[in-house]
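Residues per chain, in single letters:
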Amino acid sequence: MSESLLDVRLSVNGVLHELRLPARRLLSDALRHDLCLTGTHVGCEHGVCGACTVLADGRPVRACLMFAVSAVGLELTTVEGLADDDGTLSNVQQAFVECHGLQCGFCTPGFLTTITAGLRENPQPTHEEARDMIAGNLCRCTGYQNIVKAVERAAELGAQQEVEGS
Amino acid sequence: MTTKLMGTGVQRVEDQRLLRGHGRYADDVAVDASTLHCAVLRSPHAHARIVDIDVADVLDVDGVHAVWTYDDLTGPMAEPLPLLIPHPALTHGRTQYALAKDEVNYVGEAIAFVVADDRYVAEDAVGRIRVSYDLLPPVVGIEAARAADRLVHDDVPGNVGARMEQSTGDVEAALAASPRRLTLDLDVERSACMPLEGRGTVARWDPDIDRLQVWSSTQTATGVRAVVAVKLGLDLRQVDVITPDVGGGFGVKINHPWPEELLVPLAARTLGRTVKFTEDRREHFISSAHERGQVQHIEVGFDDDGRLLALDVMFWHDHGAYSPYGLIVPIITSTQLLGPYKPEVYRVVFESLYTNTVMVTPYRGAGRPQGCYAMERAMDAIAAELGKDRTEVRAANFIQPDEFPFEQGLVFQDGRELTYDSGDYPASLEKIKALIGWDDFPAYRAEMAAQGRRVGIGLACYVEGTGVGPYEGAHVHVETSGKVKVATGLTTQGQGHATVFAQLVADELGCRFEDVEVVTGDTRRMPYAVGTFASRAAVMSGSAIHLAARKAKQKALKIAAEALEASPDDLQIVDGVVSVKGSPGSAIDLGTVAVLSNPLRYAFDEASKAATQFTVGDASKPPVAEDEEPGLEGTDFYSPERSTFASGMHAVIVETDPLTAEITVLKYAVVHDCGKLINPTIVEGQIHGGVAQGVGGALYERMVYDESGQLLNASFMDFLMPYVTEVPDGIDIDHLETPSPLNPLGIKGAGEAGVIPSAAVFASAIEDAEGLTSTGLAITAMPISPSDLFHLRLAHAEETS
Chain A
1 MSESLLDVRL
11 SVNGVLHELR
21 LPARRLLSDA
31 LRHDLCLTGT
41 HVGCEHGVCG
51 ACTVLADGRP
61 VRACLMFAVS
71 AVGLELTTVE
81 GLADDDGTLS
91 NVQQAFVECH
101 GLQCGFCTPG
111 FLTTITAGLR
121 ENPQPTHEEA
131 RDMIAGNLCR
141 CTGYQNIVKA
151 VERAAELGAQ
161 QEVEGS
Chain B
1001 MTTKLMGTGV
1011 QRVEDQRLLR
1021 GHGRYADDVA
1031 VDASTLHCAV
1041 LRSPHAHARI
1051 VDIDVADVLD
1061 VDGVHAVWTY
1071 DDLTGPMAEP
1081 LPLLIPHPAL
1091 THGRTQYALA
1101 KDEVNYVGEA
1111 IAFVVADDRY
1121 VAEDAVGRIR
1131 VSYDLLPPVV
1141 GIEAARAADR
1151 LVHDDVPGNV
1161 GARMEQSTGD
1171 VEAALAASPR
1181 RLTLDLDVER
1191 SACMPLEGRG
1201 TVARWDPDID
1211 RLQVWSSTQT
1221 ATGVRAVVAV
1231 KLGLDLRQVD
1241 VITPDVGGGF
1251 GVKINHPWPE
1261 ELLVPLAART
1271 LGRTVKFTED
1281 RREHFISSAH
1291 ERGQVQHIEV
1301 GFDDDGRLLA
1311 LDVMFWHDHG
1321 AYSPYGLIVP
1331 IITSTQLLGP
1341 YKPEVYRVVF
1351 ESLYTNTVMV
1361 TPYRGAGRPQ
1371 GCYAMERAMD
1381 AIAAELGKDR
1391 TEVRAANFIQ
1401 PDEFPFEQGL
1411 VFQDGRELTY
1421 DSGDYPASLE
1431 KIKALIGWDD
1441 FPAYRAEMAA
1451 QGRRVGIGLA
1461 CYVEGTGVGP
1471 YEGAHVHVET
1481 SGKVKVATGL
1491 TTQGQGHATV
1501 FAQLVADELG
1511 CRFEDVEVVT
1521 GDTRRMPYAV
1531 GTFASRAAVM
1541 SGSAIHLAAR
1551 KAKQKALKIA
1561 AEALEASPDD
1571 LQIVDGVVSV
1581 KGSPGSAIDL
1591 GTVAVLSNPL
1601 RYAFDEASKA
1611 ATQFTVGDAS
1621 KPPVAEDEEP
1631 GLEGTDFYSP
1641 ERSTFASGMH
1651 AVIVETDPLT
1661 AEITVLKYAV
1671 VHDCGKLINP
1681 TIVEGQIHGG
1691 VAQGVGGALY
1701 ERMVYDESGQ
1711 LLNASFMDFL
1721 MPYVTEVPDG
1731 IDIDHLETPS
1741 PLNPLGIKGA
1751 GEAGVIPSAA
1761 VFASAIEDAE
1771 GLTSTGLAIT
1781 AMPISPSDLF
1791 HLRLAHAEET
1801 S
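Read top to bottom, the protein sequences are chains A and B. So the first sequence is residues 1 to 166, counted in the numbering used here. So the second sequence is residues 1001 to 1801, counted in the numbering used here.
So that you can see chain A by itself, here it is in the shape it has in the complex (with noise of 0.2 Å):
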């Protein structure tokens, strides 16, 4: 017997998706399997690892632990519509290249969302908030070391931004 399907609408990264979709759909399988996003990665299923991070309503939430269902009326937002878009990478994204803040990039996408996430609440980190805001999220290549830093530079560019802006 087939599944039934639900109509889900989804709104990520500004764009409105009308899907048709199993109840039981993971929002983290919807949004890489039915809309092709697949910056969004899988880690561990249960909510642990947090590479599978994204912004609801600019929360980070653990994508692998909501159905899509669960996601219908929030603004979600996925490591690819973080960076602007004429393609400039954002502060965060900037920072992880400058800091080599990533190796093998499987769980960077979730460390981008939860930065993002940190920063906007909490812009001039201390260096002990700067190793709790990623202290969610498992890396098993950096050693954390240059992901710290790169928490540190984003705030950095995102000061100097500031003063450029005021």
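Just so you know, these hints were derived from the structure itself, not from any lab. Any given hint could be a false lead.
Said to hold, decoys possible - Using 30 Å as the maximum straight-line C-alpha spacing, the simulated DSSO-like pairs for lysine-lysine come out as follows:
hint, chain 1, residue 1, chain 2, residue 2
1, B, Lys1581, B, Lys1621
2, B, Lys1676, B, Lys1581
3, A, Lys149, B, Lys1433
4, B, Lys1676, B, Lys1004
5, A, Lys149, B, Lys1667
6, A, Lys149, B, Lys1676
7, B, Lys1676, B, Lys1342
8, B, Lys1485, B, Lys1004
9, B, Lys1558, B, Lys1581
10, B, Lys1004, B, Lys1555
11, B, Lys1004, A, Lys149
12, B, Lys1581, B, Lys1551
Given chain A's structure and the hints, the job is docking chain B onto it.
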């Protein structure tokens, strides 16, 4: 003049794609609704006979396309998976079948394979397969394997897959003659690579060209290609393997073929559809390989200066239920155990044992962390026994800089003599002492003690054979646009190969770094290759790429010399332009040289008009000279006679809580000698990652099997991988650059070093903090948790009261 890029921390070219979410990992390939997905029925039992498998209900599930069990496999697919690395000492090698035949030997072994519209449906179907088993008693752990009152494989007596011995002399006589002797019994737990991306394979059969395309998250594309061709009865020319972005490897993805790496291509060919398998995390825990896991017995004889007169080591290695990767891990332990030292006589014996647990294959370090742990624990024990500083005892045993090449008198993992090519261990020791503040530590300890705080310092030294053969190759092609396309066959899992190899090409060829594009692990571009393991990519492919770029350069100079009417010796290539030295007006760019290199009959654009047969060359000679080929290309291979030996030392200062036994890292320092550095930023990134994995292995990570062979902590909730909160806040790194004489760039491997001395260095420091050294060796089992340390304290208090 362009400055050399070798040795500079060039930013990675890979990052733009990966940071924008445009990476392409295995599960990102063929993302469309027509792709079929797989799920695997895995054994819930560690040891059982399969009585019956009933799949009747499966095909009723809407969206299921096919199901395979062993009985559906034919020809080579029905044979056991290959034993990849045979060895004369591996007298009882055993490998599993792609799908279990009659018997299962670990929880997680593949039994049935379902292909469906999506993974959800495939898992529904797996749930409908009914298997009846006759349970057999499982063998779990080294002790049970050695006891051998139960057997994993009926035809493997004593559960012993291999017994191997190497020695450099009469160790018993040397022990007897030693003025001082010590015995150590040590234990290292199991751990695993745990890349954030598990395994994944996608296959597409193209009936129009009679050809199979396979994407696999692997550390060896050519290895997968060869075995897929053999198992599916295809010609090698009918199989392409493309390595997509790989989300971490650390060793586990060098083993091949995993059952799914064969079953996915089989399904794609059978069904005529694109088929994908993506491993989930629990599957990775229970069906992908683990490592570490040894019990060691060490007898050491020494003199009053701590000089090693005799070293006799016996260890037992748990290789799990099967032995596809041969004896590589225990051979490396047994040889690399020696580190930077030169005992007068050494004997090592190991037994590689079967247990009813998932197989053991290399994990970053590949047996070296265990060997380093054994040797360095012995060094600490000798120092404690003699009341000497731990660095003094080590220094007394170092191979000296003027002793290279140094023959250890053993055979290494590649079947070659264990000969160290270069190194400077006394210089490393001076650097690490300065970096960690070794000589100032007693004052610091006293200062902390006055505050009621316990601190300890430890160090550990290692030598790592890197860049093992047999070879790697490279192809460098200058296109008529001036862009330089480079291919090498080994694969990439985050090491920044596209960046460092482009640095080497830009330096040697003289083109712009930005014009170089590097492809790795694609058998269509470089069909001859081995793989990425043993810290070999920079040494092997780096050297091959350097040599291939040199060939392309020589060809460019020859063609340009003719065009510019100059001698090749008078030419230089800078930023992609060939010019006569001292007369910059006389120049031609590499793109034009590429045009001239390929005499054409048909022009296709403005540039190619210059290459038609009426405009190019001497009419009295053949358009393509004898011994020449058209195209501005260079292909070369690098095959060294033996490995090159990197080395290093780690030191750590830890604090242990007097009440809770919590262990905190206060300072971590690394001195690392991987010969000439290509990109220091990337090398330091490798060290950072290695250290973090080492911290995990030393303090947190263990695979907890119960007596029935169930892995109790098969999730990221229960298997404690370090978050940022567990790793040192800052790692002090200093480099020593002792060039290797074995390759043109003087480089040595850097990928694994960060993880090798971790268990040893933490054991040393924690013991020091606890003040346990005066009673002999206190820490004998790693990893050590606060709870372990607490119990150690209790035992110690009882002993001394």
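When you check the alpha-carbon spacing of lysine 1581/B and lysine 1551/B, does it fall within 30 Å? OK: lysine 1581/B and lysine 1551/B at ~20 Å, within 30 Å.
Straight-line Cα separation of lysine 1581/B and lysine 1621/B no greater than 30 Å? Since the Cα atoms of lysine 1581/B and lysine 1621/B sit roughly 28 Å apart, the hinted pair holds (cutoff 30 Å).
Pair hint lysine 1004/B and lysine 1555/B, alpha-carbon separation not exceeding 30 Å: holds, 21 Å
Does lysine 1676/B pair with lysine 1581/B here, judged by a C-alpha cut-off of 30 Å? holds, 29 Å
Is lysine 1558/B close enough to lysine 1581/B, meaning Cα to Cα at most 30 Å? Distance ~15 Å between lysine 1558/B and lysine 1581/B Cα, so the pair holds.
Mind checking the alpha carbons of lysine 149/A and lysine 1433/B for me, to see if they're no more than 30 Å apart? Holds, at about 26 Å.
CA of lysine 1485/B to CA of lysine 1004/B, is that 30 Å or under? Satisfied, since the Cα-Cα distance of roughly 20 Å is no more than 30 Å.
Between lysine 1676/B and lysine 1342/B, does the CA-CA distance stay at or below 30 Å? holds, 25 Å
Do the alpha carbons of lysine 1676/B and lysine 1004/B lie within 30 Å of each other, as the hint requires? Roughly 13 Å between the alpha carbons, so the hint for lysine 1676/B and lysine 1004/B holds.
Please verify whether lysine 149/A and lysine 1676/B have alpha carbons no more than 30 Å apart. holds, 26 Å
Mind checking the alpha carbons of lysine 149/A and lysine 1667/B for me, to see if they're no more than 30 Å apart? Roughly 18 Å between the alpha carbons, so the hint for lysine 149/A and lysine 1667/B holds.
Lysine 1004/B and lysine 149/A were given as a pair; does the straight-line alpha-carbon distance stay at or below 30 Å? Given pair lysine 1004/B, lysine 149/A holds - Cα atoms ~27 Å apart, limit 30 Å.
Violated hints: none; the structure is consistent with every hint.
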